[in-house]
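Sequences listed follow chains U and A, in order. In this note's numbering, each number is its position in the first sequence, counted from 1, plus 1337. In this note's numbering, each number is its position in the second sequence, counted from 1, plus 1337.
The hints are simulated quantities; they were obtained by calculation from the structure and are not laboratory data. Owing to the predicted nature of the structure, the values given are computational and were not obtained by experimental measurement. Warning: the hint list may mix true and false statements.
The list treats identical chains as interchangeable, and a pair is accepted whether it falls inside one copy or across any two copies.
DSSO-like mimics (lysine-lysine), calculated; alpha carbons at most 30 Å apart, straight line [to be verified]:
#, residue 1, residue 2
1, Lys-1399, Lys-1367
2, Lys-1533, Lys-1427
3, Lys-1533, Lys-1425
4, Lys-1581, Lys-1609
5, Lys-1401, Lys-1367
6, Lys-1401, Lys-1427
7, Lys-1425, Lys-1367
8, Lys-1521, Lys-1350
9, Lys-1521, Lys-1438
10, Lys-1401, Lys-1533
11, Lys-1435, Lys-1367
12, Lys-1521, Lys-1581
13, Lys-1438, Lys-1399
14, Lys-1533, Lys-1367
15, Lys-1533, Lys-1581
Protein chains: 2
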Amino acid sequence: MFKDPGRGGALVKVAVDAMGGDFGPSETVKGALQAMEAHNIELLLVGDREVVEAELAHYDIKGKSVQVVASEGKIGDDEHPIEGLRRKPKSSILVATKLMKTGDADLLVSMGSTGASMASSVFLLGLMEGLERPCIGGPFLGVAPRTVLVDMGSNIDCRPSLMVSFGALGSVFSHEYLGIENPKVGLLSVGSEAAKGNRQVHDSYELLQESHLNFIGNVEGMDFFTGRVDVIVCDGFVGNIIMKFTEGLGTALSRYVEQRLAGHLPADELGKVSDDLWQTTNMPRTMGGPLFGVNGMVMIGHGSCRASGIAGAIDTGVRCAGIGMVDSMRQELARLASAGALKS
Amino acid sequence: MFKDPGRGGALVKVAVDAMGGDFGPSETVKGALQAMEAHNIELLLVGDREVVEAELAHYDIKGKSVQVVASEGKIGDDEHPIEGLRRKPKSSILVATKLMKTGDADLLVSMGSTGASMASSVFLLGLMEGLERPCIGGPFLGVAPRTVLVDMGSNIDCRPSLMVSFGALGSVFSHEYLGIENPKVGLLSVGSEAAKGNRQVHDSYELLQESHLNFIGNVEGMDFFTGRVDVIVCDGFVGNIIMKFTEGLGTALSRYVEQRLAGHLPADELGKVSDDLWQTTNMPRTMGGPLFGVNGMVMIGHGSCRASGIAGAIDTGVRCAGIGMVDSMRQELARLASAGALKS
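Take these sequences, add in the hints, and give me the full structure.
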């Protein structure tokens, strides 16, 4: 299903913000080392040196390519991202992003403050030409693993040209990462007819139709599951609500199934079914979300990830880095920009 | 859980648009007769006389209070609602709504074109004072049966004052129908802090905060399931996407569970579990959606309803009619209007 040059392929240098995530270095270090088992990677663990080295001491890393890169402090979820970057120039996310800028790393993985990771990436790596903001996208449902959603929540009020760039970036991801030929791009709305939708949909519809993308028109909420469309475009307001709604519903349904089946299945089997159901509605926790639109491969993980989620995000990022995702996206945006589609 | 004056209580006269719904009179008539078993109702089946009478001939209705009220034709889902009403003045939805206007019916139930049912209700029954448009609301998740969502899809671009009226109408439904004291009203957004959200959320936030409603601030996608909030307010664009997304996800997950459990449970038991899971994500198909804001009790059903869904919508409507939902909503809106909250 996936192109896979990372595995057993060229060495990928991975900078991990070891201070990020709700569980901090104990999980990030564990997850990063797990990822080494599957991929040919060089690990750069960025964080407070003593803390990270204390974690590393729990593992046998002899002969493995693992380095600690010292930073000071972290930017919390409760801090304003830009202010945080200003006040903490040596924070883990900034030091890790600098490794990308200097070419010492090929991939950045962060489970820390999403705002700070995005701001740091934009600030140090720069936005791709033609783009006004980056976005987060990818598949997010185990029951619809080939349906890509962009934007997952990074852009709240979006101009039509930004919506078109979501379509282009999602399209490249769908083609390059999922191997889908000529991905069908749809605009999330309340009906499939062109007239259905809010003002934003109407304006974006026209621009998408004029673009070179394989735009199939409006799609609806059920189309995440129908196979009608490969890339679903919406603003980050709607995208974020859908993502969090799905997580909540998945948790509620896995509890429901556990109660509904109690007594019908052995307890351990029941637990596994319930876990699987939860997993299938919480895919970003297991594979991370790629940050689209900055000049470098950056993976943003869910703050509540455990080690396996961190390993999963590294896995996704290594695959993306290996197939040159960033270059392909840059080319696609240049094509849109030269047609004037990113101006309104 | 429910106040229940309909059951065994005063007679409720129910007008059913017998021509509506994807399966037409065979299911509407069957469902309406089913509802008679649980409630003290007088049934007015509105439709092409011969067609409806032919359906009725399959049942023993001796001694039952069932009348056929003749109409001519129906307005289809593919027709423009207002044009349809103009071109077909004797259509089933118009004749049924007239029965409400003349006081010959206490409750209207329609599974036909939602647009036509709404337009007919607004045109003949009128909007409640202070309101610019009606809306559809109610609980929609079996795993969160006490969380009310307004609007479910009838208003795409909404001004802040309309969002406040959604909060008021949902609040009355939550209090009167679900028996929740002082329902907590939340605004659906991308974070719980006041600063989080799009322009519409910011503007509506202020108005809601100034209102007499028990406004708790912004809520997020997962809060449908957390018990933090009783009434979730969003525009119909987001509401419709969530509703359809939930239906799609429910269908996909029930298939997933069926495959996941194959061999672990007997086939018939497995089928029941899968059905239950589907049902719990498709609540509006079993209970209908009340139309809020018109001067009369109107239930809008899902077009794909079978008889049980029609009986369910009648059941919900009879309960609402019995507790004077429409009067309570009118009073609540008057209170908002007198405070000037419905003007911007």
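Each hint, compared with the structure:
1. Lys-1399 <-> Lys-1367: within (15 Å within a copy, 75 Å between copies)
2. Lys-1533 <-> Lys-1427: Between. Shortest inter-copy distance 28 Å satisfies the 30 Å Cα cut-off; intra-copy 49 Å does not.
3. Lys-1533 <-> Lys-1425: For Lys-1533 and Lys-1425, only the inter-copy Cα distance (24 Å) is at most 30 Å; the intra-copy one is 47 Å.
4. Lys-1581 <-> Lys-1609: Close inside one copy (23 Å) and across copies (28 Å); limit 30 Å.
5. Lys-1401 <-> Lys-1367: Classified as within: same-chain Cα gap 14 Å, cross-chain 72 Å, threshold 30 Å.
6. Lys-1401 <-> Lys-1427: Close inside one copy (26 Å), not across copies (81 Å); limit 30 Å.
7. Lys-1425 <-> Lys-1367: within (26 Å within a copy, 69 Å between copies)
8. Lys-1521 <-> Lys-1350: Classified as neither: same-chain Cα gap 33 Å, cross-chain 50 Å, threshold 30 Å.
9. Lys-1521 <-> Lys-1438: The answer is neither: 34 Å in one copy and 48 Å across copies each exceed 30 Å.
10. Lys-1401 <-> Lys-1533: neither (56 Å within a copy, 44 Å between copies)
11. Lys-1435 <-> Lys-1367: Answer is within; shortest intra-copy Cα gap is 23 Å, inter-copy 69 Å.
12. Lys-1521 <-> Lys-1581: This pair counts as both: shortest intra-copy Cα distance 25 Å, inter-copy 20 Å.
13. Lys-1438 <-> Lys-1399: within (28 Å within a copy, 84 Å between copies)
14. Lys-1533 <-> Lys-1367: neither (48 Å within a copy, 33 Å between copies)
15. Lys-1533 <-> Lys-1581: both (25 Å within a copy, 15 Å between copies)
The structure is inconsistent with the numbered hints 8, 9, 10 and 14, although it conforms to all the rest.
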